[in-house]
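K.L.:
Going down the list, the protein sequences come from chains F and V. Here my numbering is used: the first sequence runs in plain steps of one and ends on residue 112. Here my numbering is used: the second sequence runs in plain steps of one and ends on residue 1112.
What the hints contain is simulated information worked out from the structure, not anything from laboratory work. Accuracy of the hints is not assured; some may be wrong.
Partial pick of chain V residues on the chain F-facing surface, computed with a CB cut under 7 Å [to be verified]:
id : residue
1  : Phe1020
2  : Gly1042
3  : Pro1105
Keep in mind the model is a prediction, meaning the values are calculated, not measured. Glycine residues also receive a C-beta, built at the ideal position from the N, C-alpha and C atoms.
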Amino acid sequence: SQQGEEDPQALSIQEGENATMNCSYKTSINNLQWYRQNSGRGLVHLILIRSNEREKHSGRLRVTLDTSKKSSSLLITASRAADTASYFCATDASQAGTALIFGKGTTLSVSS
Amino acid sequence: DVKVTQSSRYLVKRTGEKVFLECVQDMDHENMFWYRQDPGLGLRLIYFSYDVKMKEKGDIPEGYSVSREKKERFSLILESASTNQTSMYLCASTGGGQETQYFGPGTRLLVL
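Next up, chain F with everything else stripped away, as it sits in the complex:
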């Protein structure tokens, strides 16, 4: 029951550029979260946006949520080589309680 789908699957940019990743989901949600995974490691939570919020910022991260379109975007501004990682959106569907449903991820490569 894959809920989130990230787009694009892969993204390559230069340092200093902005990176935008999108996530679409299918059912109503309580919140949507973004996680980051460095190669071969576990996931690290980046930011959570609730269903009644439209935009949220954390440092160089900006997340938007459009519940009418069932979509979210993650913007990383002024990217650095250290931002190279895979990024996943995860939804907390009402029926699932605390179990999150993850998308397939966007692989971001930032070259210097």
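With chain F held as given, fit chain V onto it using these hints.
P.N.:
Just chain V now, kept in the frame of chain F:
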């Protein structure tokens, strides 16, 4: 800081072996999760647990079982390992009303 540890980073097993993957968290979290991650498929939920001795099936429980005898420890068991269970296994926990999940570093399992 929450710490989630997994017993092995890399594991090589033979087909038919019984495999135990251990996960321990140190933040008294009620909820613990096991996911598997495969290229192109993202994270898929195998089992989760809301409390000691409680377990719930996720999206892909076939071929797996779990055990939660103590609050801090959640074990994933492959009763008879098969080559299609070669994967990255990620454990996560959450609790105390939090919605974000904290992940372990992952166990990369190879079944020959």
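K.L.:
Going through the numbered hints above, which ones does this structure break? Give me the numbers in ascending order.
P.N.:
1
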